[in-house]
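Join the two chains into one complex using the hints; note that each chain is given alone, in its own frame.
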Amino acid sequence: MSTPTELGAPSREGRAWAVLLASAMFVMGPHEARSQEQVTGTLLEIWTDPLPGTSAQPRVDYLIVDDRGLSWVLEVNPGQLPAQGELRSWIGREVTASGVRLTDPRAGPATDDGLFDVESIVMTGGGPLRTHGEDVTGVKRYVTIMCRFAESEDESGTRDLSTYQFWMGEAEPGMGHYWDVVSDGQVDFDGTEVVGWYELPAPVTSYFSDGDGERDNPQWQNLAAGCTSLADADVDFNGVDGINLQFNLRFGSSWGGTSSLLLDGQQRLLGTTWMAAWSGQSVYGHEIGHSFGLPHSSGPYGETYDSEWDVMSDSYVRYDETLSTWIGQQTIGYHKDILGWIGPERKVEVQGLGTTHSIFLNYWGRSSGLGYSLLQIPLEGAEYLTAEARLQEGYDSGVPHQGVVLHRIDETRSRPANVVDADGNGHPNDQGSVWQTGESFNDGDLGITIEVGESTADGLQLEVRFGWQLDLTIEGNGRVQSTPAGVDCTESCKPLFTAPTAFTLSAVETTEFAFSGWAGSCAGTGECAIDLSANAAVTAFFLELISLTADADRPAGLVGAGYEDVLSATGGTGSYGWSLTGGALPSGVRLSGSEGTVSGIPEESGDFQYTVSVSSGPLTADATYTMSVSRPTLVRDDVLDQLLGTGSALSEEELRYLDLIGNDNGRLDVGDVLIFLTLVGQ
Amino acid sequence: MSNLRRGLGLGWPAAVLASVVLTLSCGGSEPVVGVPDTPAPPLISGVAVIVLEGAVIEDRAVLIHVSAGATTFVAGRTELALHSRTSAGSTLVALFGDLAGGAILEVGVADVTAIPTFTLREVSMPDGELRSSLSGYRLDISEIR
Chain A
0 MSTPTELGAP SREGRAWAVL LASAMFVMGP HEARSQEQVT GTLLEIWTDP
50 LPGTSAQPRV DYLIVDDRGL SWVLEVNPGQ LPAQGELRSW IGREVTASGV
100 RLTDPRAGPA TDDGLFDVES IVMTGGGPLR THGEDVTGVK RYVTIMCRFA
150 ESEDESGTRD LSTYQFWMGE AEPGMGHYWD VVSDGQVDFD GTEVVGWYEL
200 PAPVTSYFSD GDGERDNPQW QNLAAGCTSL ADADVDFNGV DGINLQFNLR
250 FGSSWGGTSS LLLDGQQRLL GTTWMAAWSG QSVYGHEIGH SFGLPHSSGP
300 YGETYDSEWD VMSDSYVRYD ETLSTWIGQQ TIGYHKDILG WIGPERKVEV
350 QGLGTTHSIF LNYWGRSSGL GYSLLQIPLE GAEYLTAEAR LQEGYDSGVP
400 HQGVVLHRID ETRSRPANVV DADGNGHPND QGSVWQTGES FNDGDLGITI
450 EVGESTADGL QLEVRFGWQL DLTIEGNGRV QSTPAGVDCT ESCKPLFTAP
500 TAFTLSAVET TEFAFSGWAG SCAGTGECAI DLSANAAVTA FFLELISLTA
550 DADRPAGLVG AGYEDVLSAT GGTGSYGWSL TGGALPSGVR LSGSEGTVSG
600 IPEESGDFQY TVSVSSGPLT ADATYTMSVS RPTLVRDDVL DQLLGTGSAL
650 SEEELRYLDL IGNDNGRLDV GDVLIFLTLV GQ
Chain B
0 MSNLRRGLGL GWPAAVLASV VLTLSCGGSE PVVGVPDTPA PPLISGVAVI
50 VLEGAVIEDR AVLIHVSAGA TTFVAGRTEL ALHSRTSAGS TLVALFGDLA
100 GGAILEVGVA DVTAIPTFTL REVSMPDGEL RSSLSGYRLD ISEIR
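As they're listed, the protein sequences go chains A and B.
0 is the number of the first residue of the first sequence in numbering that gives the first Met the number 0; add one for each residue after it.
0 is the number of the first residue of the second sequence in numbering that gives the first Met the number 0; add one for each residue after it.
Isolated chain B (complex conformation) (with noise of 0.2 Å):
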């Protein structure tokens, strides 16, 4: 397994990024990033690296839903504070801190061919107030390692 994540060196996160259809939406639908249709690669096991794009310093706090894949979760920074409940493979991640900062998640899959899909479901400003809308803000793996 580390071979094969060694083996994809620094070029192929890159091209998975850019394989990576991330949408973000306003009101029903919510931001999404998946996977495209292509071969399955090897099951190379490895951590990716979420950031969110779009926050600022007001933004405190935050909820993810993570479909099933993922292994792991830790917070990308230690000021942040992780909270984490799996059930029937889903997994939501309330994030707490600074969420400006650079990366926030960082999530263990089996399969870095085969990445959850991330969906921001609330921010929270530091009152607890929600942000009213979610457009603008993007859930973005930056690194798969």
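Chain A on its own, in the form it takes in the complex (with noise of 0.2 Å):
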């Protein structure tokens, strides 16, 4: 997974020029015939991050500065060195390496720095002045040099004094504020100085070996060199961690890492940044992470600038206006680490497949001693995840997003951090990269879910799982088996495969309760196969049988009075649908089909037996009742009174009665009182 571009990068010209050479002679002779050569000397790595909108790629240097300060770069091949992450930690070591020694570099102000085709390389001992996994904590005094070149070039972008001792002081945005915050109070600045400007004696073409003016090759070991040594009567490098060489004019890139120093009689090795014109705060932050050792992250589709989550990756996601310069976000988990700013009581790894792990994860800055700061989970080889949970606020106001982001680390990677982005899109700072309350990661390849639950002031609650999870509810009460077994449930379960399993489910139902269907990851009623190379979420809907409740006697009725009737039922869904299967009802009375409900003015007397069916779901059941109409008792001087309008005796439903037994007009008329006296057999 190394990324050419940013090893040894065959764009400087004098390398091309080299490789050239050395594939002439590897074509012209035997490979003996090379003069094997070995220099030896303290490895420096050194990060080029081009002005943003210019062709320019990054890249990774790698040089050899021996004990008599003269510096090659290193042409490497990938393929025969060690993995870029060790040979990483072998920085600020002794090495020596074997091949061909192409240019030799000159001592002096404004020379160049030699070139040297490798072909093997090994640690040759000598203790670390500074290794890859070296706690960078305490106080890191950092000292910038303002070196101004002579020529009339573009200078755009370059600040005065005042404003690069802002920078790089205590106040927000300065970088002794923002280590700070970043390091959660483990980096200090203190102490740190800015002086300048300094002329350098030289002209610009004498320190980059490039001639075409882009100024992207500087020879960094002269630069730094040319500039400590013109500062040295007004810096006291005692105690200095690190150098900012701020220069005046715009080149193509920027540049971090360590640079090998003889100061004060001392060869020191110091972090060190190579600030062209146009640098501003992000910038500075950028840099000094790689002279911290830091390398860059980012997405995982091999851009370098593409993860809106790391000062090391896309550091222009913050302007601010009134400062006039981008302010850069956060790093990432995996370089706090590396740096040893989150200690192991704010870290943890969990790992087994089989097991399940809560965790409470802290948002950066809000340590609030009940969870950890970053998790950690090792996948296969070297490789593993990393979780952080990142707020919009301070520093880290212009990321994407809030909630936990997720890199796969792989040291052997020029740039270990990649952002996990499960939507796979090509845009790492989407809603893909993040997880949020009620979301879930889930690696079916590697078997990791990670849930992400309830959210606080402080951080979110994380349930981390290994293994293949069936999430199956059961609505209702029934039982799910699984062929082969593994799965039996007579409530919702969700078992934890140790291996992507297949499998049938079958619904077991209940003397009570019928299946009804599943949903999720299966449908309709028939078996469910389920093959968990994922997470896998299934529902087996078991509804209670429906039971008609109403006596089958239902409330008597007298013709012509309001009648209603609710019958009803309990099981099914809880919603129903009525229907009229059999039998009848009196003429005036009618069943409601959503609500159950029997009502109307009966028009006739008698027994009425009628079927409903009731419908819920895909249940149905039937019941038959039987409703009896009778006609009111009445006097047949009080119909003659009420007709011959010399009473009001009857009451409105005794009107209703006789109206409808008789002509249904409305009224009580002579035809109505005609029918009464027949029925009455007067």
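None of these hints come from the bench; they were simulated from the model.
A hint or two may mislead.
Derived list of chain B stretches under chain A, where covered just means 3 residues or more per stretch with a C-beta under 8 Å from a C-beta of chain A [said to hold, decoys possible]:
#1 58–68
#2 77–84
#3 123–129
Label pairs and their in silico Cβ distance ranges [to be verified]:
#4 Asp552/A <-> Val73/B: 46 to 56 Å
#5 Thr610/A <-> Ala87/B: 47 to 57 Å
#6 Arg666/A <-> Ala80/B: 13 to 23 Å
Some chain B residues close to chain A (C-beta under 10 Å, calculated; not the full set) [unchecked claim]:
#7 Thr90
#8 Leu91
#9 Val92
#10 Ala93
#11 Leu94
#12 Phe95
#13 Arg120
Heads up, the beta-carbon is just placed ideally off N, CA and C, and yes, glycines get one too.
Here it is as structure tokens:
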């Protein structure tokens, strides 16, 4: 997974020539014809970060500085060298490179670095001056030296002394404040100072090996040596941990890494940045990060500056109009960890197929003492996942979202940390790169699930599972079993398998509940085939059988009197459809299909037997009821009094009855009374 | 009174009938049997026999309004059932039975020269349905005795 563009990129003219020469030698003669030589010295690493918007490519270069202060830029063939992560671990240590010395360096200001075509490299000992993985904590005194070239070239972006002093100061967003926050108080820039401008003695072309004027292949060691020697009279380099070399010209790149300098009679290894005129606060953060030993991080798409989650990738996420500069966001948990800023009590490692872990992950800067700042999950080999919780506040105001961000770490890569982008859409800053409450990361290949639970002001609750889980929900009473065996649940369950598994689920009904279907990974009412190569969720619905609870004998009615009878049922989905499937209701009375209500005004008397069918979801049930309707008992004279206008003894219902048995014209008349008298035999 | 009744003989009911203005109406107005504006005869009581002209065998019930002045109400035939209620002088009479068979009502009056007004309100068929129109029906005084 090493990235050629960052490992010995062939963009440097001198190196391109060297490669051609080496190739020609290989073609012309046997390998042993080449003169094998060795260079021994301190291994340095320098990262090139081009001005955004230009065609220049980022890269990382390795140098050896010998005990005379002479430096060789190494032409490395990734296939013949230790993995890049291991090579990086040698930074600051004494190494011996074997290969072909293409050009020799020359000591003194304004001279070229040598070029060395490496065939093999070994660490040859000597105590590490500074190693990868070594904590970067405590007071880190950085000196910023402002070095000016005499040439009249583009100086746009250059700031004055007070601005650089502000950017390196303790007030936000100065580097003192910035790294204090990012390191969670582990780094103190106390004693940091800014000096200059100092005029470099040689022309700018003497410090760059490229002849095209793009100024992207500097003689790093010579620039560093030149600037420090100019400032030596003003700066006590004892106790200095790093230097920023701020130049007045608009180079094609800025650089960060290490240099080995002879200061006050001692060869010193220093974190070093080489800052072009256009560099703002966030670029300072980025390059000082390199000077601490941090690599780039990125999305998983082969780009370098595509992750807005890390100042060590895309550091242009928040522009401060007042300060006229981009303000860097924080760096990622992996980087904080390798610099020793996340103590063992603040990080947690979980693993183990078939296990589940509940973890509270604190947001950056919100360590409540209850949780962790970094979750690490080992994968195969040296790879692992990290999880961190980010808030859009402070230096992280410009990060794309807030929530849990995952990185996949492979230290053999030039950019060890890649954002995990679940949607794989090429954009590692969209919603696919962050998990919030209720969301779940699942990698079916790895059998890892991270569910994000409730959030608080301090962080997020995570559940981490290792395995392939079936999230089975049982609605109602029933049983779900699998073939082959493995699942047998009578209530909702979450069996966790330690390997991808395929099985078939079947529903077992009870005497009171009927299976009504699957939802989720299956549908319908048949068997449910599950291929658990990733987590799956299935719901089995069991419905209580429908029971019609009303008595068979329903309330009696009277002809002409309003009647309402609500039938009732239990079971099913709780929502019912009613229909009359047999018998008959008295005329004037009907069944409501949606409410199960029998209502109306009976127009006839008698015993009426009717059958009702109730449906609820896939279930149905029938019941037969009897409704008796009788006539009201009326006194003949009362009826006649009513007809003949001398009495009002009859109720509204009795009048309606008389009308119904008569001509049903809405009023009492002689025709109605004729029928009444006929019925009563008078 | 009886003499007076007798004195009228057979000749005066015809004269009275001749003077009766009988109106049957459709819709809003009702059939009315009235008396002519003639000099009041001596107070002679009697009985007015009413028939329902236009009745058919399917007519099984009627409702008749009788204005003030009637003293008694008797079914015109024995097979008819009569029910009446008097209120504020006027009377509603309901008759049930075969209405097409002749006299349906005998109304006693105190003064045969002041026969009440008879208004046909409703006619019902055997199933209780009302005749939708009363045109073609007419209440006639067939006899005063």
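To see whether the hints hold, each was checked on the structure:
1. 58–68: holds (count 4)
2. 77–84: It holds: at least three residues are needed, and the region 77–84 of chain B offers 4 whose Cβ sits within less than 8 Å of chain A.
3. 123–129: holds (count 7)
4. Asp552/A <-> Val73/B: 46 to 56 Å: holds (51 Å)
5. Thr610/A <-> Ala87/B: 47 to 57 Å: holds (56 Å)
6. Arg666/A <-> Ala80/B: 13 to 23 Å: For Arg666/A and Ala80/B the Cβ distance comes to about 22 Å; the hint holds.
7. Thr90: holds (8 Å)
8. Leu91: holds (4 Å)
9. Val92: OK, holds: Val92/B within 10 Å of chain A, min 8 Å.
10. Ala93: Nearest chain A Cβ about 6 Å off; hint holds.
11. Leu94: holds (9 Å)
12. Phe95: holds (6 Å)
13. Arg120: Status holds, d = 8 Å.
Checked against the numbered hints above, the structure breaks none of them.
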